[in-house]
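Respectively, the protein sequence lines represent chains B and D.
For the first sequence, the working numbering gives the first residue as -12, with consecutive numbering after it.
For the second sequence, the working numbering gives the first residue as 151, with consecutive numbering after it.
Keep in mind the hints are simulated off the structure, nothing from the lab.
Bear in mind that the values here come from a model prediction, so they are computed numbers and not experimental data.
Wrong hints could be hidden among the right ones.
[What the hints assert, rightly or not] Below, computed lysine-lysine pairings styled on DSBU-like, alpha-carbon distance capped at 35 Å:
#: 1; chain 1: D; residue 1: 304; chain 2: D; residue 2: 469
#: 2; chain 1: D; residue 1: 469; chain 2: D; residue 2: 167
#: 3; chain 1: B; residue 1: 102; chain 2: D; residue 2: 304
#: 4; chain 1: B; residue 1: 37; chain 2: B; residue 2: 110
#: 5; chain 1: B; residue 1: 102; chain 2: B; residue 2: 92
#: 6; chain 1: D; residue 1: 167; chain 2: D; residue 2: 507
#: 7; chain 1: D; residue 1: 469; chain 2: B; residue 2: 92
#: 8; chain 1: D; residue 1: 304; chain 2: D; residue 2: 167
#: 9; chain 1: D; residue 1: 507; chain 2: D; residue 2: 491
#: 10; chain 1: D; residue 1: 321; chain 2: D; residue 2: 469
#: 11; chain 1: D; residue 1: 491; chain 2: B; residue 2: 92
#: 12; chain 1: D; residue 1: 321; chain 2: B; residue 2: 37
#: 13; chain 1: D; residue 1: 269; chain 2: D; residue 2: 167
#: 14; chain 1: B; residue 1: 102; chain 2: D; residue 2: 491
#: 15; chain 1: D; residue 1: 491; chain 2: D; residue 2: 321
#: 16; chain 1: D; residue 1: 417; chain 2: D; residue 2: 269
#: 17; chain 1: B; residue 1: 37; chain 2: D; residue 2: 491
#: 18; chain 1: B; residue 1: 110; chain 2: D; residue 2: 167
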Amino acid sequence: MSNIPADLRFAESHEWARLEADGSVTVGISDHAQEALGDVVFVELAEVGKTFAAGDQAGVVESVKAASDIYSPIAGEVVAVNEELDGSPESLNSDPYGAWIFKLKPADAQADLAKLLDAAGYKAAIGE
Amino acid sequence: MGQRTPLFDLHLALGAKLVDFGGWDMPLHYGSQVEEHHQVRRDCGIFDVSHMHVIDVSGSGAKPWLQHLLANDVGRLQSTGRALYSAMLDTRGGIVDDMIVYLTDEGYRLVVNAATGAKDMAWMNAHLAGFDVQLTHRSELAMLAIQGPLARHKIAELVTQARAELIHTLKPFEGQQQGDWFIARTGYTGEDGLEIILPSDQACSFFNDMVGAGISPIGLGARDTLRLEAGMNLYGQEIDEQVSPLISNMAWTVAWTPADRDFIGRKALEAEKAKGVESRLVGLVLEERGVLRAHQVVRIAEVGEGEITSGSFSPTLSKSIALARVPMATGDRAEVEIRGKWYPVRVVQPTFVRHGKALI
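Please put together the full structure from these sequences, using the hints given.
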């Protein structure tokens, strides 16, 4: 049974998104995703300034097992990436909701976030 | 549902995440693959390798038959317990399987790969004509590997005195029967350690004893990164029926002398040698961040192209390493394509780590 915080929205591709007080949206991968990936050893981050549509490929998480694409759950411009993942990629395993991957300045946060799953919907989607 | 070893329920109870390996449901890891890898390099750990096949060979024709069947020469085994590593080839020189062969009091004991057991038995049975040989597939036996610098010391404390004495005196690459256990100082990690073949009904309690003594269970995930660091081939990755031992870092396992030993595949290997061996298996080290993976393309300037056969992150070296088949003329630099971008890699001898120490 994985941890699914009630205050986050989730993509079916296992990214989480959190609307911050300053209007930005923080993105990471779910506890279920890190569990399935196994030990994460490298994260290929997006470039700051890049603009994504919802569902665009936005980086790669490499575990000992395999490489997995990560997708932007909403549309927006990348305003920050978590450089700390360069030195400690394993924090995606140990703290999946603290170790964020990138932050977006959303194009239309309310509409895009509404299209994502809430905690109950994600829980059902992963069969828990 | 895949096949299960006698330890399946115990793996689940220990929290194993399962993976299909050659039709078997096996533990991938019990929490963290990387931690399990370090555990084996620094201390020791236990692997359930009961999915591998044990085949006993007896009869007056056992020796000449194996000298015909295998590319290495069992005539080199001078005393009971000595072992050798060999390929079993088809007539084109392709590798049907790789295995360890032990000389026993009754004949020989072969340990072959999990996914190839049925194919091997069919191949062997098809080549029995004219030899007085009996083959016994010992599917009632389980096999446990205990690997790491402290493995022999820790196991000796958990077994009978006679077994402990044997564990202390075994030479590397030697295996001896002790009661109903066969204890060998062999493995697939590049560390010291043991492989113990024992009756299935004793495997669970012995596994439990070891876990109770604080020895960690290790999954196939770490087994793969350990063998990759050790530069050891995995059947189905580096080797299969499409490749010969001469391009697989296994030329040392082909016994050319005596010249009149007519083993299956010999003519094909001789022709390959006469024509000039075209490629070789090397190690690659990625100095930049990223992970090398099987089937990525290797490019060598002014020489040609090759392909990665196994790649992963090396927990011991904290960088990505790979085994790759490249043209013979490859020097010490190459490039690998990862997601459309070319990354420089170092070309090295394919042994990255041995006895806990980095060799590259």
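How the hints compare with the structure:
no., hint, verdict
1, 304(D) / 469(D), "holds (31 Å)"
2, 469(D) / 167(D), "holds (25 Å)"
3, 102(B) / 304(D), "violated (56 Å)"
4, 37(B) / 110(B), "holds (31 Å)"
5, 102(B) / 92(B), "holds (17 Å)"
6, 167(D) / 507(D), "holds (29 Å)"
7, 469(D) / 92(B), "holds (34 Å)"
8, 304(D) / 167(D), "holds (26 Å)"
9, 507(D) / 491(D), "holds (31 Å)"
10, 321(D) / 469(D), "holds (33 Å)"
11, 491(D) / 92(B), "holds (28 Å)"
12, 321(D) / 37(B), "violated (60 Å)"
13, 269(D) / 167(D), "holds (28 Å)"
14, 102(B) / 491(D), "holds (34 Å)"
15, 491(D) / 321(D), "violated (47 Å)"
16, 417(D) / 269(D), "holds (23 Å)"
17, 37(B) / 491(D), "holds (19 Å)"
18, 110(B) / 167(D), "holds (20 Å)"
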